[in-house]
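Visitor: The chain contents come next:
Protein chains: 2
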Amino acid sequence: MEKEPLLMLPGPVPMPERVRYAMMRQAINHRSAEFGAVYADCVRVLKTVFGTTNDLFVISGSGTAGMEAAVANFGRDKDIACLVNGKFGERLFKISQRYGKAHEIASEWGTPLNLAALEERLEQGVQVVTLVHNETSAGIRNPAQEVGRLARRYDALFVMDGITSIGGDVVEADKWDVDIAIVGSQKCLAAPAGLAALSVSTRAWERLSKNPPYYLDLAAYRKSAGGKPMETPYTPAVPLFLALREACLIIEEEGIANRIARHRKMANAVRAAAKAWGLSLYPKIDAKHAYSNTVTAISYPENIRDSEMRDIIKKMGIIIAGGQDHLKGKIFRIGSMGAVGAPEILATLAATQHALKKLGYKVQGDGIQAACEVLA
Amino acid sequence: MEKEPLLMLPGPVPMPERVRYAMMRQAINHRSAEFGAVYADCVRVLKTVFGTTNDLFVISGSGTAGMEAAVANFGRDKDIACLVNGKFGERLFKISQRYGKAHEIASEWGTPLNLAALEERLEQGVQVVTLVHNETSAGIRNPAQEVGRLARRYDALFVMDGITSIGGDVVEADKWDVDIAIVGSQKCLAAPAGLAALSVSTRAWERLSKNPPYYLDLAAYRKSAGGKPMETPYTPAVPLFLALREACLIIEEEGIANRIARHRKMANAVRAAAKAWGLSLYPKIDAKHAYSNTVTAISYPENIRDSEMRDIIKKMGIIIAGGQDHLKGKIFRIGSMGAVGAPEILATLAATQHALKKLGYKVQGDGIQAACEVLA
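Protein chains in written order, with the working numbering: chain A, 4 to 379; chain B, 4 to 379.
These are calculated hints, taken from the structure and not from any lab test. None of these values were measured; they are calculated from a predicted model. The beta-carbon is built from N, C-alpha and C at its ideal position, and this holds for glycine as well. Among the clues, some could well be false.
[Unchecked claim] A few chain B residues that face chain A, going by a derived Cβ cut-off under 8 Å, partial list only:
id: 1; residue: Leu10
id: 2; residue: Met18
id: 3; residue: Gln29
id: 4; residue: His33
id: 5; residue: Gly66
id: 6; residue: Glu71
id: 7; residue: Tyr218
id: 8; residue: Leu243
[What the hints assert, rightly or not] Distance windows between CB atoms, simulated:
id: 9; chain 1: B; residue 1: Ala350; chain 2: A; residue 2: Lys97; range: 47 to 53 Å
id: 10; chain 1: A; residue 1: Leu252; chain 2: B; residue 2: Lys213; range: 27 to 33 Å
id: 11; chain 1: A; residue 1: Glu20; chain 2: B; residue 2: Ala40; range: 31 to 37 Å
id: 12; chain 1: A; residue 1: Leu252; chain 2: B; residue 2: Glu7; range: 16 to 22 Å
id: 13; chain 1: B; residue 1: Asp314; chain 2: A; residue 2: Met319; range: 19 to 25 Å
Take these sequences, add in the hints, and give me the full structure.
Guide: Written out as structure tokens, the structure is:
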């Protein structure tokens, strides 16, 4: 096998060797004390990473399955206010439409959320609020704590998609009044794709919807997790649990505060390079919103074609992301999630700077130098 | 790591080394030609294994997620007749209750289905019929072809759970008029747990229900599978797809007819041993029903305690299954799925014979000898 490309995407991200190798072992019985201990390790570490003492479950499905589990179990037939300023906010809105009466509170992708409109909706009696904490489609971090405070003031449940922030940026689910928080395995946790984890507050349990779906029935997850051994209600994706356990142990060894500081430094380095090149970051932030610390979205300068630029970078063995949907061709995105350190960031920025120059963009300054100053 | 135990369960089952090692590679982008080719390989081989030219999709979720996808996309608000003679038939009934008007047609676990009652329901206009082809909870194989013929005669859709038969026993989805067939990855395919695959007929597409769930929305799967590259709508469990592709290539190399013959021979060997010992197979079959070729359910003789017997066998490094729900303590089950050959069967039967004797059961004859005669 030739050398694998370096994935600098907003997920999936490179996995540490220990995580990958954990998957190759022989099948184990998922109704056994051994599997129960694997699951328990994941839950113990993830609770710290989420900043919660609430119940926490791991689902064999993608982050989208986690989003749907939240909405389907706690939003059916309810009024749901969906804050949207990017693709994944839209997804939560679409999912909410399938289960309840969903109200979209939309801003342009990558621009501040309309919290005044949220408050109006809350005054009108909305029962559930959904938010994407870190919107990778636009590189913006949304003010989860403020949304949580508002939701609680009006006694609404707060569903927070932390799929691409948890494990890489500050998340304090309990302090922020998050009732359901969701993470995906292949993002900041640096585990393989295919698992989602959710935390569920006591308040949320008290408002559990009737008639949940079957595979994503969280009451069934609660029952099975409470057994001895700890189990999942249906057959789990065992190799992914083995890998997630290893990824969790690595997070514990690094320490979550160190890990978050590392993510911030890597994103700072990317932002410093963009600034040095004279490029604009895509999001329009204000005092409440911030640039994402796990993915940086940069606007293309005029006359640079997305496919050409990413092809040049790909030929150097590095994969970065373009824009999604209407942002295709308008932005490029560099992920800095998971096991990523200075070597990966520097290689990516060097390849990007080369591609920009090769395609005729006159960089204002040396982005690599600017990044090194942040990283040093 | 000490030696892994030999899993002789009705899933999960031991995986060939090639399948396990496929999972340890670095993350790949699931929106890439490379992943598309992996998915396409799985679909191509699985269509042969299903005996279908219909659309076929792989879902990142367990067999239960596959069952729910079938019912949720094609059974919502419909009258559904659920044939039940074991735990998984019951599960399909429970799932059906969450989506439509479900009518249980129940027989004792492991006894023939009531096809006359099905025909009555069909006459009354039932629109969907569900069947578990191979009911592992009781070790019985149900007459799928006959159920398909009945369903078609009355123009109902036929949902067949082939989770534990497809890849290990004869399945001809198209010849049998199966509209939706489902398989699980960790059974006869000998891949890791965590994936399900479904085939969907044109007739079924024409009757697609409104308002499907989001993660299991099969129209979204169809759209993404039709793209270039072939994709899944939401992030797939990539390592499991890599493993499934390898498992499919192994099936192709063995040849599906050879693979089915091997499964039958292994089950015949287990049945020969049980008979030699003087034990009864649990299922009560008739001309239309048969003993399962992928798991053998054997009734305990008097005075043998399930936990004691399985503990003795476990100490020899082999895991067999007990009974589920009300059959706990009454039966034991030996799986013969996937990569299992004579060595695994002989070791399991030897350990079982030893345990029976040790616990005071007077075996009538030598089960090992009887099995060897089948296997030779």
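Visitor: Indicate whether the distance between the beta carbons of A:Glu20 and B:Ala40 respects the range 31 to 37 Å.
Guide: The hinted range 31 to 37 Å is violated for A:Glu20 and B:Ala40, with Cβ atoms some 25 Å apart.
Visitor: Tell me if the interface restraint on B:Met18 is satisfied: Cβ within less than 8 Å of some Cβ in chain A.
Guide: Holds: closest Cβ of chain A sits about 6 Å from B:Met18, inside 8 Å.
Visitor: Closer than 8 Å between Cβ atoms is the bar; does B:Glu71 clear it against chain A? Give me holds or violated.
Guide: Nearest chain A Cβ about 5 Å off; hint holds.
Visitor: Is the distance from the Cβ of A:Leu252 to the Cβ of B:Lys213 consistent with 27 to 33 Å?
Guide: violated (45 Å)
Visitor: Going by Cβ atoms only, is B:His33 closer than 8 Å to chain A?
Guide: holds (7 Å)
Visitor: Against chain A, is B:Tyr218 within 8 Å by beta-carbon distance?
Guide: holds (4 Å)
Visitor: Hold the hint about B:Leu10 up to the distance rule: shortest CB distance to chain A must be less than 8 Å.
Guide: Check passed: Cβ of B:Leu10 comes within 6 Å of chain A, closer than 8 Å.
Visitor: When the nearest CB of chain A is found for B:Leu243, is that gap smaller than 8 Å?
Guide: holds (6 Å)
Visitor: Taking the CB of B:Asp314 and the CB of A:Met319, does the distance hold inside 19 to 25 Å?
Guide: violated (57 Å)
Visitor: Between the beta carbons of A:Leu252 and B:Glu7, is the distance compatible with 16 to 22 Å?
Guide: This hint holds: roughly 21 Å between Cβ atoms.
Visitor: Verify the interface restraint on B:Gln29: the C-beta must sit less than 8 Å from at least one C-beta of chain A.
Guide: Status holds, d = 4 Å.
Visitor: Under the criterion of a CB-CB separation shorter than 8 Å, is B:Gly66 in contact with chain A as hinted?
Guide: holds (7 Å)
Going through the hint list in order, the structure does not satisfy hints 10, 11, 13.
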